[in-house]
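Assemble the dimeric complex from its two separately framed chains, guided by the hints.
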Amino acid sequence: MSILEVKDLTVTFPGGIEAVRGVSYEVERGEVLGIVGESGSGKSVTSLAVMGLLPKNAAVSGSVKLHGQELLGLREEELVKVRGKAISMIFQDPLSAFTPVYTIGDQIAEAVRVHQKVGKDKAIKRAVELLDLVGIPNPDLRAKAFPHEFSGGMRQRAMIAMAIANDPDLLICDEPTTALDVTIQAQVLEVLKTAQQETGAGIVMITHDLGVIAGMADRVLVMYAGRPVEQAPVDDIYYRPRMPYTMGLLASVPRIDGEEGALVPIEGNPPSPAALPPGCPFAPRCPMKVDMCDEEEPALVPFGGGRHVACIRAHEIEHKGLTGADVFPVPVIPPSEVVNVPRAERATVLELDGMKRHYPLMKGAIMKRRVGTVYAVDGISFDIAEGETLALVGESGCGKTTTLQQIMQLEPPQDGRVVVLGKDSATLDKAARKALRRDLQIVFQDPMAALDPRMPIGDIIAEPLRAHGKKDVAAKVAELLQLVGLAPEHAERYPQQFSGGQRQRIGIARALALEPKLLVLDEPVSALDVSIQAGVINLLEELKNRLGLSYLFVAHDLAVVRHLADRVAVMYLGRIAEIGTVANVYDRPAHPYTQALLSAIPLPDPEMERTRKRILLEGDLPSPANPPSGCRFRTRCPKFARLNEAERQRCVDEEPSVVQQANAVDHGAACHYAEEIEVITASDNQEEE
Amino acid sequence: MGKYLLRRLAINVILVAIAASLAYMLAATTMNPRAAYEGRQPPVPEAVIDATLDAYNLNDKTPVLERYATWAKGVVTGDFGKTWNGGSVNSEMGRRIMVSLRLLLIGTILGFALGVALGAFSAVKQYKLSDRLIGVSSFVIMAIPVFVLATLLAIGTYNVNRGLGFTLIEYTGEYNPRLTGWDQFLNRLNHLILPTISLSLGSIAFYSRIQRNMMLDVLNQDFVRTAMAKGLRRRTALVKHALRTALIPSATYFAFAFGTMFTGATFTEKIFSWHGMGAWLVDSINQNDVNSVAAVTFFAAVCILVASFLSDVLVAALDPRVRVN
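Residue numbers (the working numbering), protein chains in the order written: chain E, 7 to 695; chain V, 729 to 1053.
Source of the hints: derived by calculation from the structure; they are not laboratory data. Take these hints with a grain of salt, some might be off.
Example chain E residues on the side facing chain V (calculated, C-beta under 10 Å, incomplete) [said to hold, decoys possible]: (1) K91; (2) I93; (3) Q98; (4) P106; (5) E116; (6) F152; (7) E155; (8) A171; (9) I178.
Glycine included, every Cβ here is placed at the ideal spot set by N, Cα and C.
So that you can see chain V by itself, here it is in the shape it has in the complex (with noise of 0.2 Å):
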């Protein structure tokens, strides 16, 4: 078993290595850092821009390979380089994978557990009430992108607050910089409902389908009815037997989506002004910033083939049936 996981480690890492190439690549052939400097007023010298996107290794005029080497050397170091104005990409990755991490880990765990359990439920009442319900809302959800459901979110609670006459819910930023303290956190928990619910939303409703048909393979299963045949109640066979098994092919998704949640969350950054990962790749995109689309990528490389690592993982970890010996 060790053997086996680290060879998939070490392909990990060369595709991770091949991934993030490509994307420096990519970046570094298209875009133009040299345009923020150009259009200044007063005009800069052509030398002093030279100097400066030397200075940051974005100079177009060194041939992409040697740029790409001397990006290369860096990143091996640990060191991602500059940003297109001279900040440290490291730093910026540094606090934003944070702001990202505190939005992201509460949405997705959050978005899984309501999930399976509403599919769940769902199931056990098949074609009741409730399980249409539940289906229709999962489909309008599903059919409504991100970005004009957070925008829905901000402007209705924006009218609450008016209608109000105070801010009960914030619906823009992190924090309030001027508060401390206990106020301080409970203030960031504040900041963090709406764009968590409009996260969260769209994963319950995604995780309610797929737990939703699992389940229902399960539950006309034979062994569901041994359990309640040896004198368990219906609920405890269900959650017990019925849930567990079908738990399986859903965590597996679980850990993929919770690899790629650092940089899933683009529009509902954007939208609630969140200085994370996802609006950090606009952004950079925009400026041009060579550095820091090519660490973004690089970031979610690793973030994606750590999190098919940990479901291979994990499913070994839940079933049996596939466990190496």
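Bound conformation, chain E alone (with noise of 0.2 Å):
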């Protein structure tokens, strides 16, 4: 018997804003439903309404029914008691998810009082237990620790020990590992699996990451527009999915087995739940749209096989065994010409060598006084040829943004040097430094907030033209908007009046303005929805091969990366681990913090998710303050944990330097005992036939 069963839940705002719009499923004992969507798809409007939790002014209709129970509609009396019950709850900003003022386990021990007839101290002992159960170290005193003194991946952990403390039925995750890194994502990922063991709970996922839904559900259901448009089992999903939307979701996602090539980007943006168009919600983006399609709004139907879908041509899709790539169009791409030249022999825009950035770690409020130096960027090297684009992939807290500011700067840094262009930034004077400005532009990670919310785009992609004496600038602005694929008429408008995916394409024209020959992309796609995202890389691509830019490219998202890079080098607490081409670090990464990262990411793949062995890192992120001596990474190295007394006295004493690997061209790992294994096993096929 089903723990949940939502039937035809919808949820209105004021102001008519159908948010979510007839959502029904079922949750198992045991199960984990993947509910996925972009943003605005209405799926964590879902789950609040399922917990009870939406703001008043919400209109909630349909049905909630938990063990038969209905739960709309219920006086708070009766829903508090299900509530951290029988169903909880984790959130994806574990830092905000706390209350800062409370210790953890003050926090934990509430929760366990609100429903046990326990005494304090039972109650934070049980809190001590539950904290140990999802593995952080030293329960007990963590417990007195607050919040703002765990890490994000502890928070989260934390946050579980909650939601299971008094053993639910049903947990509803939402986002729960969006805000991590890769590897403490894997971390958290595997807690979660041992809550579900422990609690035999079933889960309800929310999350935009199809790779995450992979290797969690059983079934999975596909949001859109606030309503579900495709529900199947997790194979069925990945390997015959039969909605248009699912099957272009799927071809979008950067994959890090993937061959590289133009990506498949879902056109226009998803509909504003105020102005829903009149049928199908998705009939505007499909390729497959006929006329029918705007008539009405196709029900969600069993398909068989437990199958249910929302498009009228999903059996044509069955039958002919359509693909996302067959749908959607694949752009093409003009290849780069710059290429043909072999690298040794273009020019070098950029080079780094020996660069350090530390940092004063200063205490006191009034007197203040230093008391230690964080090693922010602490010696790295590498150069980026004409034509070519370097990623620089790390966690948070690597050095990978300090590395950017430090080149962006054009100041001398602190030891080792910076060339760009040519010219060492440490004999630049101020005229200088303004004219090699022009060749040195970057397009930053928030497009929200990157762009002057009171300035028309065309105001905004004619300030850099302005400020270095441009003339004809209008016509330049219209080009501009032209060649990120915005229309000259936009320059008119503010940026609020834009999409996500079209505010980074502005903020890419105006870094284009000054036509530079070295760009610096901060996180460029990060804060963007997959189906746009995949535009955004594409655009990118082909401006790099149009114009003969170069990039520096930094990003977590190592998927990303693959696609885009044309080099990698690997950051670990302010030094460079693993570089090379991306063939060769992704297929045979050689640095032990490589392997673990590269095993971390989650593919979109439920049978090679099934399969793969991760090699799951311990613990977090040591203190950039305080790194470990010799070669940083041991503390968590799963080889140094392999090697022999005398192996690894070596590197405690002995801090490793990037050397070549001997039988390939391009690629050097920083370790003493490095060797090169394949992590990832490639698929070419990415559907089944």
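Here it is in structure tokens:
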């Protein structure tokens, strides 16, 4: 019997905004139901409606039954007996999900005491047990710590501990790992699986990450514009999607094991819930659209084999065995001409040589005194040739952003050299620095924050032109808008009138205004939805080839990097762990950290996720103020654990530097015991024929 | 932590010394205590005036630095000198501090407590009628200067009393000296009602606006949702998690207000004829009473620095994120 039965759930916000329009699903004991969708698809609102946690002005109708008991319309006295007891919820951002002024232990104990009649000491003891269960070291000590003293991964573990405190029957996880780094994500997902085994609970897993769902879910519900458009067992969704939206979504995901080349974007944007198109809400973006699609919104109908699809052409898709790549037009990206010239003969646009950036660690409010040093970037070297993309990857705190800032400042570094287009930043005077800025531009991560909301986008793009005294600005702006796929008429509009993907295009147009030679991209697509992200990645690829640009690309998403980059440098605690061509690093990673990083990335492929062996890293990133002696990775290194005493001593005493691998061109690793292994098996066909 | 607090304390002592010295200099150079003696009938001989002023350390014929030195020596030993007519500043100050304390302690605490409660309530009911009513009334009260408000209250009470034919609420003075014992205590309370209302209304309005904003910031935070997702009632989650967190910024304001309250109620004290510190400042300026002005200013400086010290300690106590190890 199913634990939770949701039927025809609708949620309407004031102003006639229909956020959820008829969602039905069931969850059984021990089952994981994945709910996938892009931002605004109504997936989070659905789960908040189930918990009864929506604001009062939201009108909820339909039915939500827990063990046959109707939850909608229940009075608060009854509802509080269910919340946290029978259903628990894990939220996305573990920093803001804990009250900052109480200790973690107290907050978990509070959850225990709400539903169980136990004394305070007993509740605290239970909290410590729970923290131990989710793998927090020294749980009795850590229980007395405040939320800000926990790292992101630890907080999410504590959140899981709190959620399972009362042995719930159902766990709702709303993007539980979105805010975490991949290696931490792998740990937390592991804890979640343990928690499920411990409680036997059903799980509703809400995420936009198709990789996470592939490895966790038994069944998947795909949502679009507030409605489920496809529901099926996980293998059917991934290998035999029958709704064009699902097909497009799967085709647009950059894959870490996929071949290079253009991604398949879904054109357009998801509709606003306040202004839905008539008929099928996906029709305006659907390449398979026929006239009938506009007449009536197709219902989610059974399709056989436990599958449900909301598309009038589903049977045709099934019959012809169509895949996303067949249906969605694959954009053609002109090849780069620079590639024909061997790398050694191309000019070097950026060179870093032993660059360091240390920050003093200060203490005291009035009389500041230095108590230590943060080794943010501690001697890194790499170079970028003309027409090349180098990606800098690593987890938060590894020094990627500091490296970028140091390069963009064009100031002499504390140690080492930064050479931009043949000019050493230490030798620049003010005028030369300004002239050089023309050739070095940046695209920021958050397209919302990077554009002045009170400036028309035409002025935003014109600003660098005017700053450098260019003439004929209006014509140039029109040209730039066209270049990034926007219409010149848009120049009069303000940033808030554009979607996230369009805003990022505006940011790119601004960066290109001065015709730079080197573009620095700081996580340019991490704030975008997958279907939008694919379009921007393709645009960046195309611009690079057409304009002969070079990119320094900073990202934490290794799948995106595989698609966009030629070479990749993996950073760990301010040092480069491994560097080389994408093919070398991804297919034959030699550094244990790269291996762990690659193996932690969930693949959007259920079969492979099930059979895959993960290299799990222990613990969190050490503080860059107090890095371990010798090799910085040794405290978490799975390889170090397998070495004998004599071999270990070398890791403790001697810091490894990047050494070229013997059998490869352009592949270096900073490990005394580097050994190439294959972590991801390459798959050629993403979908079953 | 202890060392840090000690250093803060030392800096504060220096700041008090500077503030009080500047105030003394300003008062001593601009005020003219001699005027009070010169205009008398029958005229007082100049030698007598000089002798009196010398005795009180108020003679403008003595160089100001010399007077300052005498004054400062006294202050260091705890003696604030003489008033313009020879009374002890110390005993006057002691009496008046007690008067102000009685009046203001209740007013300030009441203002804070009610203001925070109203603000929190208002935030929870955002855009509802009650929120709008509280908002409009707060702004109306804040827009009325306290002397208008106090006078209106006094006039209103006077009319009510006249209409009733007996004194329901006292509207002037501190107590009725003819009463004793329990009656005297009740009478003192009665005298407190009006000035307390006029004092606290302003703070209620002020704190309710601050607290409403702080609370709104916190209400949509995930941790309030988490608290409810654990199974806490909405009310419990709001009070225990949201309000507790949103209280931190208001508490620092409060600590500050607590320090300034001794001298902050000048209008209220004057209008309701309470002889507190605020009224004293005005009176002593009128009377060219240099030493009293210097004493009030000294006291105000001490209060403000103690308050800032208190607010630091309070924030550290309330907010684990800023606690120094």
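Checklist entry - Looking back at the numbered hints, which does the structure fail to meet, lowest number first? => result none
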